[in-house]
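> Listed here are the chains, written in short residue letters.
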Amino acid sequence: MKLRVLYFARLRERFGVAEESLDFAGATVADLVALLRARGGVWSEELAGGRAFRVAVNQDIVAPDASLPDQAEVAIFPPVTGG
Amino acid sequence: MKIVVRSEAFDLGAEVDAMRRGRTDIGAIASFVGLARDMNEGSGVAAMTLEHYPGMTEKALGRLVEEAKSRWALLDVTVIHRIGRLLPGDPIVLVAVASSHRGEAFAACEFIMDYLKTRAPFWKKEETPAGERWVEARASDDAAAARWDPP
Numbered sequence: 078m079k080l081r082v083l084y085f086a087r088l089r090e091r092f093g094v095a096e097e098s099l100d101f102a103g104a105t106v107a108d109l110v111a112l113l114r115a116r117g118g119v120w121s122e123e124l125a126g127g128r129a130f131r132v133a134v135n136q137d138i139v140a141p142d143a144s145l146p147d148q149a150e151v152a153i154f155p156p157v158t159g160g
Numbered sequence: 109m110k111i112v113v114r115s116e117a118f119d120l121g122a123e124v125d126a127m128r129r130g131r132t133d134i135g136a137i138a139s140f141v142g143l144a145r146d147m148n149e150g151s152g153v154a155a156m157t158l159e160h161y162p163g164m165t166e167k168a169l170g171r172l173v174e175e176a177k178s179r180w181a182l183l184d185v186t187v188i189h190r191i192g193r194l195l196p197g198d199p200i201v202l203v204a205v206a207s208s209h210r211g212e213a214f215a216a217c218e219f220i221m222d223y224l225k226t227r228a229p230f231w232k233k234e235e236t237p238a239g240e241r242w243v244e245a246r247a248s249d250d251a252a253a254a255r256w257d258p259p
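For the record, the sequence lines run as chains G and P. Using our numbering, the letters of the first sequence map in sequence onto residues 78 to 160. Using our numbering, the letters of the second sequence map in sequence onto residues 109 to 259.
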């Protein structure tokens, strides 16, 4: 399936990318995170097990076991700090 | 209902006036204004920049206002959140809630702010004497939001 993946705030800066298109063979958010983590470097560091980050699918925050629909807009970002 | 994300400042008085104009059924309006401070985590803050996730932000704010309306009898709600670069003393966020009675207005205003702090996709970056830094989420904000969760 094809995914559009967005990064925000500290993660966008550390990864050096705001948005990318991915061909993805997995099924869930956890599969996608594992794929990104396997890139190594800042990816494995920021997406490591103990690190706090959130994932939204089509603009709703979801749990790691959530499945990804084709053409989904996925966003990965740090815990929010507005208000 | 009015939900706005913008860089321009807002005026609390004008927003409250707009809320009550032409109607006499409102008995209470509770409001909250969050301001940029000149100090955080022990160091001076010269300015902050607010980033957000266009599209999701409006959706998340709309959803938490709907959640508030499902819990309390509200007559109107205004939420304005600023983005971009802000200086100490600048207003960041406004929540105003109109209801027949004060209890619902007070509670819903606090609920909306607590949920906004943990659910709306905004991020603050501060300019300090030691350089720029992203503000870290606080456990106390999660605890404040959790107070409103069903038992």
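Heads up, a few of these hints could be off.
[As the list claims (entries may be wrong)] Lysine to any residue pairs mimicking SDA-like chemistry, simulated, CA-CA at most 20 Å apart:
| hint | chain 1 | residue 1 | chain 2 | residue 2 |
| --- | --- | --- | --- | --- |
| 1 | P | Lys110 | P | Ala181 |
| 2 | P | Lys177 | P | Ser248 |
| 3 | P | Lys167 | P | Arg128 |
| 4 | P | Lys233 | G | Lys79 |
| 5 | P | Lys167 | G | Arg91 |
| 6 | P | Lys233 | G | Leu83 |
| 7 | P | Lys110 | P | Thr157 |
| 8 | P | Lys167 | G | Val134 |
| 9 | P | Lys233 | G | Ser144 |
[Unchecked claim] Some chain P residues judged to face chain G by a derived CB distance under 8 Å, without partners named:
| hint | residue |
| --- | --- |
| 10 | Val153 |
| 11 | Lys167 |
| 12 | Lys232 |
[Unchecked claim] Far from chain P, some chain G residues (derived; all Cβ distances over 12 Å):
| hint | residue |
| --- | --- |
| 13 | Ala86 |
| 14 | Val94 |
| 15 | Asp108 |
| 16 | Ala125 |
| 17 | Asn135 |
| 18 | Ile138 |
| 19 | Pro146 |
| 20 | Ala152 |
| 21 | Thr158 |
What the hints contain is simulated information worked out from the structure, not anything from laboratory work. Note that CB positions come from ideal geometry on N, CA and C, so glycine has one too.
> Evaluate each hint against the coordinates.
Structure-based check of each hint:
A distance of roughly 17 Å separates the Cα atoms of Lys110(P) and Ala181(P); the hinted pair therefore holds under the 20 Å criterion. A distance of roughly 25 Å separates the Cα atoms of Lys177(P) and Ser248(P); the hinted pair therefore is violated under the 20 Å criterion. Note on Lys167(P) and Arg128(P): the hinted pairing is violated, with a Cα-Cα distance of about 25 Å set against a maximum of 20 Å. Using a Cα cut-off of 20 Å, the hinted pair Lys233(P) and Lys79(G) is violated, with the two alpha carbons roughly 32 Å apart.
Of the supplied pair hints, the one linking Lys167(P) and Arg91(G) is violated, its CA atoms being roughly 26 Å apart against a limit of 20 Å. Of the supplied pair hints, the one linking Lys233(P) and Leu83(G) holds, its CA atoms being roughly 19 Å apart against a limit of 20 Å. A distance of roughly 23 Å separates the Cα atoms of Lys110(P) and Thr157(P); the hinted pair therefore is violated under the 20 Å criterion. Between the alpha carbons of Lys167(P) and Val134(G) the distance comes to roughly 13 Å, so the proposed pair stays at or under 20 Å and holds.
Under the criterion of a C-alpha separation no larger than 20 Å, the hint pairing Lys233(P) with Ser144(G) is inconsistent with the structure, at around 32 Å. Against a cut-off of 8 Å between C-beta atoms, the interface hint on Val153(P) is violated, since the closest Cβ of chain G lies about 13 Å away. Restraint check, Lys167(P) versus chain G: the minimum CB separation of about 5 Å is within 8 Å; hint holds. A distance limit of 8 Å between C-beta atoms decides the matter here; for Lys232(P) the minimum to chain G is near 5 Å, and the interface restraint holds.
The Cβ of Ala86(G) sits about 4 Å from the closest Cβ of chain P, inside the 12 Å cut-off, so the non-interface label is violated. Chain P leaves Val94(G) outside its interface by the beta-carbon criterion, the shortest separation being 15 Å against a cut-off of 12 Å. No Cβ of chain P approaches the Cβ of Asp108(G) within 12 Å, the least distance being about 22 Å, so the stated non-interface status holds. For Ala125(G), the condition that its CB be more than 12 Å from all CB atoms of chain P holds, with the nearest at approximately 16 Å.
Its closest Cβ contact with chain P, about 9 Å, brings Asn135(G) to no more than 12 Å, contrary to its assignment away from the interface. Not every beta carbon of chain P lies more than 12 Å from that of Ile138(G), the smallest distance being close to 7 Å; the non-interface claim is violated. Residue-level check passed: Pro146(G) sits 16 Å from the nearest beta carbon of chain P, beyond 12 Å. Its closest Cβ contact with chain P, about 6 Å, brings Ala152(G) to no more than 12 Å, contrary to its assignment away from the interface.
In this structure Thr158(G) is not separated from chain P by more than 12 Å, as the shortest Cβ-Cβ distance comes to only about 4 Å.
When the structure is compared with the earlier hints, violations turn up for hints 2, 3, 4, 5, 7, 9, 10, 13, 17, 18, 20 and 21 and for no others.
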